[in-house]
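Chains V and H are the protein sequences, given in the same order.
The first sequence begins at 5 in the numbering used here and counts up by one.
The second sequence begins at 14 in the numbering used here and counts up by one.
In case anyone wonders, no lab produced these hints; they're calculated from the structure.
Computed from a prediction, not measured in an experiment: that's the story for all the values here.
There may be inaccurate statements among the hints.
What the hints assert, rightly or not - Once the Cα atoms are required to be at most 30 Å apart in a straight line, the calculated BS3-like pairs of lysine-lysine come out as:
#1 V:Lys388 - V:Lys169
#2 V:Lys388 - H:Lys168
#3 V:Lys388 - H:Lys163
#4 V:Lys343 - V:Lys328
#5 V:Lys351 - V:Lys388
#6 V:Lys30 - V:Lys388
#7 V:Lys98 - V:Lys388
#8 H:Lys256 - H:Lys163
#9 V:Lys169 - H:Lys256
#10 V:Lys351 - V:Lys64
#11 V:Lys169 - H:Lys163
#12 H:Lys168 - V:Lys169
#13 V:Lys332 - V:Lys98
#14 H:Lys112 - H:Lys256
#15 H:Lys203 - H:Lys112
What the hints assert, rightly or not - Computed footprint of chain H on chain V, listed as stretches where at least three residues anywhere in the stretch have a Cβ under 8 Å from a Cβ of chain H:
#16 145 to 153
#17 221 to 231
#18 234 to 248
#19 308 to 314
Stated by the list, open to error - Not close to chain H: a few residues of chain V, all C-beta gaps over 12 Å, as computed:
#20 Glu91
#21 Gly196
#22 Leu289
Here a beta-carbon is modelled for each residue, glycine too, at the ideal position from N, C-alpha and C.
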Amino acid sequence: MKKLLISTVVAGALGVAGTASAEEIKLGVFLGLTGPIESLVANMAPAAETAIAEVSESGKLLDGSTVTAVRADTTCVDAAAATAAIERLITADKVSGVIGGDCSGVTTAALTNVALPNGMVMVSPSATSPALSTVEDNGLFFRTAPSDARQGVVMTDIIMERGIKEVALTYTNNDYGKGLADAFQTAFEAAGGSVTISASHEDGKADYSAEVGSLASAGGEVLVVAGYLDQGGKGIIQGSLDSGAFDTFVLPDGMVGDALPEAIGSDLNGSFGQAPGTDSEGAGLHAEMASGYDATSPFSNESYDAAALIMLAMQAAGSSDPAKYKDKVMEVANAPGEKILPGELGKALEILAGGGEIDYVGASAVELIGAGESAGNYREVEIKDGALSTVGYR
Amino acid sequence: MTEETLNALALLSNFVLVPAVAYGSQLALGALGVTLVYGILRFSNFAHGDTMAFGTMFTILFTWWFQSMGLSLGPLPTALLALPFAIVLCALFALLTDKFVYRFYRQQRADPVIFVIASVGVMFVMNGLVRFIIGPNDQNFADGERFIIKAREFKQMTGLAEGISIKVSQGITVITMIVVVAALFWFLNKTRTGKSMRAYSDNEDLALLSGINPDRVVMVTWILAAALATIAGTLYGLDKSFKPFTYFQLLLPVFAAAIVGGLGNPLGAIAGGFVVAFSEISVTYAYKKFANYMVPGDDWKADGLMQLLSTNYKFAVSFLILLLVLLFRPTGIFAGKSA
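Using the sequences and the hints, build the whole thing.
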């Protein structure tokens, strides 16, 4: 028996040593497959998996290691479910990195409860709460999405340029909504505008006429809706249009999606907003590569980049161990080095293997600043003829 | 009246009066079902909210089927056409639950609390069935015209700064409520079956002695309760949207309405529905704009929202009313049975 045990241990050790050169790496795709932003995630998860497939097929990562994606559901809203899901990814699936989470609340919960104690790297494509900039993360948390502090400033510019000085503001009652609403209100008031009311709304209700009533009473030229397009945000807009409370809406990133004009119809024409996005070469390349999903949907580019950054950092560190490659994420994302666009991950892996340096630009023009978050590029959109159209980039 | 006053009234009608009347009608129909079951079968049917969801689910399924066949009612929602079919199926299911669950306890002459707990079980089963069949998500099944009058049209017509909008669904809700309530009262007061139901409700033993068939009374009660639940649920879904979870949550205001009016008293259920709806909406409305129309001059203009309670606490209003009524008038406004 003792011999058997020893031989098992030895075989195990040999096994580990044997796979050190070429391993089967698993990456968790930890996004809200169900819940309030499921229509966005439908274009985010495949983007991340496209990058993973690209690297895996190139056969150049860590001497020919293969990479596979394991999906897990954050639900976007249920912190307990998200915590259990990432726990499963780390302990049962043994992933080497996590792309996600998506919504700020569940991302914070997953990071502090599970990823941090397990030393797991998380790269979120869409968690934008300003609070995540200062959260204790031991250098394990990155995001290819910008903080909403930046979005608040961009949204202020867009509204001000249209000559609007007085707005009503409603937000979904969670970390994302509150963070964005506060950031926007601070920026808007600093720029000389006034916010007549900042009221929260709960998601998942059938009727928002009471919320709309108090927003209408406070007044304002437009209504800023920092919510979700599949949830309360849509309900607030529908209720406002029904009662004639507001005609024009400002739509931040959680509200930008084709599902909204499809659900509301032509009454939404003239509403405007912004979502992370660039007109860079990378976004175009990604759109061409995308098969079976829409790469221009919000956070799709960021999802591709989040997956790419993890794998490039592994290559730079020469290891798939989160504790080792976490220090390389910022290096591969920023200058100096050769600029890397989507579809060139194989080339990037070669450069890194040869000891060279890269500056990953990717699909969303990644530039990581501060504690490892994107500096932020935004696409300004407007609803015209019942469809989303891009006005410009900033 | 000055234009300012007219504006103030239009504003209040648009955001308080119209929604509260529609919501109140929906609650009243729901509360009627609860009160009927309580009055005749003598227990609080906790499954009523999910019966509403169950019936509405059939309405939606029939609506989709009719839509796929190209059937429609023109400007009216197709759901009205689907409603009778949904009522039949929902009533069948209610009779089945009675046969397999409640009848056993009735034969045992079990305590009301046992019935209540059994109804909680039925509630979870129905809840699960609805989610299983149609899913937990929002379903929008309203079609046809959307508005009787739009806020913008109202402004153009009257030249006022504030508009009133009335949705088709709100109009249908109120008209249906009046028709259903009138029919119900006629049934209870004028027909033989209705009279026997009231007799059974007043004194079960005496009713049995005078030859009233209890099985028939119970059967009719379940059919009526299921019909009322389906109508209330469909109207609520047309006006707002259908989601199983919100129907489950409706249980609280519906019970509050039934208890406020006096459990077992149909008239009370209707009054209770409107009391709860008007309190929920008027307590959480922000009166800033209304007040600013009413006060003379700029010096008096309000800066604050003049809102008694944030809209997030809407459900707390139902609780509060329930609590106050139980504390000070446990039999309800119209003195039904003690709750």
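Hint by hint, here is what the structure shows:
no.: 1; hint: V:Lys388 - V:Lys169; in the structure: holds (23 Å)
no.: 2; hint: V:Lys388 - H:Lys168; in the structure: holds (25 Å)
no.: 3; hint: V:Lys388 - H:Lys163; in the structure: holds (22 Å)
no.: 4; hint: V:Lys343 - V:Lys328; in the structure: holds (23 Å)
no.: 5; hint: V:Lys351 - V:Lys388; in the structure: violated (40 Å)
no.: 6; hint: V:Lys30 - V:Lys388; in the structure: violated (43 Å)
no.: 7; hint: V:Lys98 - V:Lys388; in the structure: violated (47 Å)
no.: 8; hint: H:Lys256 - H:Lys163; in the structure: holds (26 Å)
no.: 9; hint: V:Lys169 - H:Lys256; in the structure: violated (37 Å)
no.: 10; hint: V:Lys351 - V:Lys64; in the structure: holds (9 Å)
no.: 11; hint: V:Lys169 - H:Lys163; in the structure: holds (27 Å)
no.: 12; hint: H:Lys168 - V:Lys169; in the structure: holds (24 Å)
no.: 13; hint: V:Lys332 - V:Lys98; in the structure: holds (21 Å)
no.: 14; hint: H:Lys112 - H:Lys256; in the structure: holds (28 Å)
no.: 15; hint: H:Lys203 - H:Lys112; in the structure: holds (28 Å)
no.: 16; hint: 145 to 153; in the structure: violated (count 0)
no.: 17; hint: 221 to 231; in the structure: holds (count 3)
no.: 18; hint: 234 to 248; in the structure: holds (count 4)
no.: 19; hint: 308 to 314; in the structure: violated (count 0)
no.: 20; hint: Glu91; in the structure: holds (24 Å)
no.: 21; hint: Gly196; in the structure: holds (19 Å)
no.: 22; hint: Leu289; in the structure: holds (35 Å)
When held up to the earlier numbered hints, the structure conflicts with 5, 6, 7, 9, 16, 19 and fits the remainder.
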